[in-house]
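Per the working numbering, the sequence shown starts with residue 9, numbered consecutively.
I should point out that these hints are in silico values taken from the structure, not numbers from a laboratory.
A portion of the hints provided could be inaccurate.
[As the list claims (entries may be wrong)] In the DSBU-like style, the derived pairs of lysine-lysine whose C-alpha atoms are separated by at most 35 Å in a straight line are:
(1) Lys35 / Lys20
(2) Lys71 / Lys34
(3) Lys26 / Lys62
(4) Lys61 / Lys34
(5) Lys21 / Lys34
(6) Lys61 / Lys35
(7) Lys71 / Lys26
(8) Lys21 / Lys35
(9) Lys10 / Lys26
(10) Lys10 / Lys62
(11) Lys21 / Lys71
(12) Lys62 / Lys21
(13) Lys34 / Lys20
(14) Lys20 / Lys71
(15) Lys10 / Lys21
(16) Lys10 / Lys61
(17) Lys10 / Lys20
(18) Lys71 / Lys10
(19) Lys35 / Lys71
[Unchecked claim] Simulated DEER-style distance windows between Cβ atoms:
(20) Phe24 / Ser72: 27 to 35 Å
(21) Thr11 / Asp66: 14 to 22 Å
(22) Ser72 / Lys21: 25 to 33 Å
(23) Glu59 / Lys21: 17 to 25 Å
Fair warning: this is a prediction, and the values are worked out from it, not measured in the lab.
Yeah, the Cβ is synthetic: ideal placement off N, Cα and C, and Gly gets one too.
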Amino acid sequence: MKTLEYHETILKKVSFDKRLLRMELKKAVRNTTCSEQPALLEWCGEHLGEEYKKMAADFMENKSCAFEDNDNQ
9 MKTLEYHETI
19 LKKVSFDKRL
29 LRMELKKAVR
39 NTTCSEQPAL
49 LEWCGEHLGE
59 EYKKMAADFM
69 ENKSCAFEDN
79 DNQ
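Please put together the full structure from these sequences, using the hints given.
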C-alpha cells in the first residue's frame, strides 16, 4: 500500500473525531511526498470537506517543498 493510500484509509477511520483527524492529517502531510500532496488536497476536499482541505494546505505551507515547481527539486 502506498503512503498516500495508507493515510487516506487512516483519515477515513478517524474522521469521527476532529482532534484525531487533525493529528492524522498533520502526519499525512509530513509523510507524503511533494508529488503526492496535490492528490492529498483533492482527496481531503472530496472526502473531508473544505475545512480540512484548507487545514492540509496550511500544514503543507510549513513543508519546504509544498508548492515548489518540479524543476526546482
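Could you grab the alpha-carbon distance between Lys26 and Lys62 and see if it respects the 35 Å cut-off?
14 Å, holds
Against the 35 Å threshold, does the CA-CA distance of Lys21 and Lys34 hold or violate the hint?
15 Å, holds
Are Lys10 and Lys26 close enough, with their CA atoms no more than 35 Å apart?
Within the cut-off at roughly 24 Å; holds.
Agreement of Lys71 and Lys26 with the hint, judged by alpha carbon distance not exceeding 35 Å
22 Å, holds
Quick one, are Lys10 and Lys20 close enough, alpha carbons at most 35 Å?
Holds, because 16 Å separates the two Cα atoms, which is no more than 35 Å.
Check whether the Cα positions of Lys10 and Lys21 lie no farther apart than 35 Å.
17 Å, holds
Can you confirm whether the C-alpha distance between Lys71 and Lys34 stays at or below 35 Å?
Within the cut-off at roughly 11 Å; holds.
Take the C-alpha atoms of Lys61 and Lys35, compute the straight-line distance between them, and say whether it is at most 35 Å.
14 Å, holds
Is Lys10 within 35 Å of Lys62, Cα to Cα?
Judged against 35 Å, a Cα distance of about 23 Å means the pair holds.
Would you check the hint for Lys10 and Lys61, treating anything up to 35 Å between C-alpha atoms as holding?
20 Å, holds
Take a quick look at whether Lys35 and Lys20 sit within 35 Å of each other, Cα to Cα.
14 Å, holds
Looking only at beta-carbon atoms, does the pair Thr11, Asp66 fall within the given range of 14 to 22 Å?
20 Å, holds
The structure meets every hint from the earlier list without exception.
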